[in-house]
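K.L.:
Spelled out from the first residue to the last, the chains are:
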Amino acid sequence: MNATTLRRPLPRYALSESWRRRLPLLPALLFTIALTQVPFVMSIYYSLTDWHVVPPGPREFVGLDNYNKLFSDHFFGQAVWTSVKLTVVPVLGSLVLGAAFALLLDRRFFGRGIVRTLLITPFLLMPVVVGLIWKNQMFDTLYGVLNWGIDKLGFTPVEWVSRYPTWSIALVLIWQWTPFMMLILLAGLQSMPSDVIEAAKVDGATPWGIFRQLTLSHLRPYMELGILLGTIYLIQVYDLIAVMTGGGPGSTNVPYFVFQRSIGGGWEFGRASSYSIVVVLASIVIATVALRVLSNLLKGEEAA
Amino acid sequence: MSDEPKVRAVGEGRIVNSAFGLLAWIVGLVFFFPVFWMVLNSFKSEQDANTSPKLFFHPTLDRYRDVTKSTTGLLSFADAFANSAVVVLLSTAIVMALAIPAAYALAIRPVAKWRDVLFFFISTKFLPVVASILPIWILARNLHLLNTRQSLIILYTAINLPLAVWMLRSFFREVPRELIEAAEIDGASLRGQLTSIILPIAAPGIAATALLCVIFAWNEFFYAVQLNPVKGSTVPIWVTTNISTRGDFLAKLSAASVLACIPVVLAGWIAQKRMIRGLAMGAIK
Amino acid sequence: MRRFLRLWSAAALLAVVGAIAACGGGGGSSSNSSSAASSGTPAQGKGGSINVAIVDNPQMKDIAALTPKLFTAQSGIKVNYTVLDEGTLRQVTTRDVAAGGRQFDVAMIGPYEAPQFGKDGNLVDLTPLATADSAYNVSDLIPAVRSALSADGKLYASPFYGESSFLMYRKDVLKKAGLTMPAKPSWDQVADIARKVNSSQMAGICLRGKPGWGDLGASFTTVLNTFGGTWWSAKPDGSVDKAQINTPAFKQALQFYVNLVHDAGEKNAANDSFNECLSQYKDGKVAMWYDATVAAGLLEASDSPVKGKNGYAAAPVEKTPASGWLWSWALAIPKTSSKQDLAWKYVSWATGPQYLKEAGAQISGGWAAIPPGTRKSTYEIPQYKKAAKAFANQTLASIAAAPINNPGTTKRPGLPGVQYVGIPQFQDVGNQCTQQFSAVMAGRTSVDAAVKNCQDIAAQVGS
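Going line by line, the protein sequences match chains A, B and C.
Heads up: take any position in the first sequence, counting from 1, add 913, and you land on the numbering used here.
Heads up: take any position in the second sequence, counting from 1, add 60, and you land on the numbering used here.
Heads up: take any position in the third sequence, counting from 1, add 1, and you land on the numbering used here.
Treat the hints as calculated values from the structure; they're not laboratory data.
Only a predicted model underlies this, so the values are computations on that prediction, with no experimental measurement involved.
Treat the hints with care, since some could be wrong.
Just a sample of chain C residues kept apart from chain B, beta carbon distances all over 12 angstroms, derived [as the list claims (entries may be wrong)]:
1. Thr89
2. Ser151
3. Gly298
4. Asp342
5. Lys387
6. Thr411
The calculated lysine-lysine pairs, modelled on PhoX-like cross-linking and capped at a C-alpha distance of 25 angstroms, are [stated by the list, open to error]:
7. Lys1065/A - Lys114/B
8. Lys155/C - Lys172/C
9. Lys982/A - Lys70/C
10. Lys129/B - Lys70/C
For each residue, glycine too, the CB sits at the ideal point set by N, CA and C.
Between the sequences and the hints, there should be enough to build the whole structure, so can you do that?
P.N.:
This is how it looks when you write it as structure tokens:
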């Protein structure tokens, strides 16, 4: 694209092309830098101290001491493994389910709007409420709906949350986040140009062929976007765990682990910050690798 | 448009379509069931709600009365709702105002280092919330922003911006290059390009993004309770005032949750209208 | 294009600034109360408002509802309540008191925090205020409760609500099985009865199992104490010495608790705390229940299905004369409050004997629902004695007998305290260890593994 093809005369102090491209980005970028990097730098600083609030003590610089303690803490290792399970399973589960729902909803049928609203509602509830509903209404051994149904079918009730904490939490997360995936994929489906599909049908393509060649490949960047965003959010989940199980082997993930060390009772902000910085560094590594794999996400046409 | 070409072009019968429609209804109802049960519980007495599942019971509106009772000195639903509405609407408006140009600069006329910029945006979400709360709280206290709406507006904008930038960028990439180039040849300004081409085509994506920002901001509890426990408290805080450790609360909590999620349900309904398939490609004048 | 961008940036910035400015007024005034927050609408020309943080238990909600009529109208002081669930309340008040938040003038804390915060110098010493206030009648406070909230003889928080623990049981169920419960049973006797009445329809006993230093931790620690075990041993000066998890006494107590739950306990015990056991007991799904004394008020409420069917015995013991816990929700004044005199006026009213006499007739739960366990005079009020006839005496006896200065058979740190160790690290250690123990109850790990893990965790404290 050549600036001289514009009919309007250029203003006297014409910006270079690269600055003209940057300007729309600047407000968002500057805002984000100001608001996120300051807390981040402060966290790094705290992680190098032994700051604890209760009992109150002087905040002394201890260098990398906290980091040393962290890597010998085998409970942190357990928390990492639980985090992996509680991220991968819900992300994939909600993606598959969300894609299925989005495809179902892409057609026209009676009451489509209502069904769409029904399918979004799990995501509209507060995480704490979701946790309490599932723990007390659905999963409860004596009073839960699931066990009531199981009992009527003649099987023994299952102690969902206490025997299978990881799977119970994963199930609730899938239920809660499927609408998130569904929304992204539905918007992706809706933005698919219909004339291409019409043309393909006129050419005699089968519905399955259309689905595989056109729909799926069109959806791919959105699925990858869903995976990336979903992972970012699901990695951070901790209040659901607090409400459903109160933590423990099999349900304490890294955010809950950090929470317990800091305001959840440990009040050791130095150590908690060091855990968080490690999480950030690990996330950067993982995300870099992941983005290389999810190549469609960062495919861009070369600037004209 | 008539049914006939659609049937032939789609290649499947009306029966198949209705079958899928029925499946969608069944799936929707099953998936919605826990929420349905929560709504049902909101009309029960605490005794009924905390025992074996009951489909038939003596319904009452008392739980709704309990949670909306307004007492001087206690956070009322009306006040919490007002705080939440202002915070969520303003922060979402600011997010969209910042993210739409940013997405333009990352998708349509990309800046040189757009990959790095995108990565930077997403990396701001790697720091766990439970860790960042401490520096944020200290900053808010020193800037006298504790217990104000501004604190949450600013914070929610910051936490939703990466999501909005990433999503809008993906949707803006859908816009066919030919249209953009045609518009530039016509001499359209950025605002013109946006309003006449980009926004209509990306409308489903923009609606989805705005809806997600509203949902995340509306249900955000942690920052809200840590920064605004005394004033400027939002709906999630109000909902959790019904949780007691010494007494049954499930029915009251259900009633409070039903009330709390009505606004977002409405937002979802509105957003869905916008998410209907955009203009057909041939309609550009 | 550039002109548009400039205009747009300016407009967006203006919008942001304008929004912030516009909300400056809105966020401040229209939130928790209808009138302007900073200057109250005083009834008698005196004025002011205070911020109070409370936990959302029924008694607290009652006093919040009665405050305008019974307090603000007389004193002109407006009270802005922040009601939070226990976990969040602890997060917010600890940060506020210990890290100088200055958000609250009165904070509701318990006997775990009060001595620690008091010794750290973060709380106003209430002793001079209390002794000077004749209406407050400091000598009316139940001595055990007063001691638990004090450090070095200074009262740091004024009790609003007090509880101990005891054993509740269905008299009719035990009678049908031909069993009697002694007034001061031992754990062996209780376990025996529980196993005998246990059936598939009705579990023998409901015990807490939910992870948390205040959930399973409270219940289990009382068992641990009376079995002769302790979390840590103490140095001669009372500070923490060595972790004592991996000791025979501790393991025996844990094994006993786990076995009892396994043989005669409620289903899904690993997730159950007060509320879950309350539901099951009222539903007739368990025959006995060991938990807070305040449960009695709920079991004998007019809408309770088990009203009148319950007996109350002292908390079971093994090697000690008493084992009931002591907990109190008490109001403390952070030193950072700028309105300490107003705050004391409020505390004096809320925790004074007068409120207890007035509240009974005005709250929905009736006389049995007034805040229990803080003052001797409560148990002299005729209407209360009548309404709480079934459990009032046992409650008072349990609280008075709570062995806060000598809960077990050995010397230990963190006194006073029964069901917790009054050191700052206990919250985290207790949370982590009870997570391990809860997993044992859920059948996901063994007692030995849990003990070993807990020993590692607890050993990080002390020498």
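K.L.:
Of the hints given before, which are not true for this structure?
P.N.:
Violated hints (numbers, rising): 1, 3, 8, 9; every other hint is consistent with the structure.
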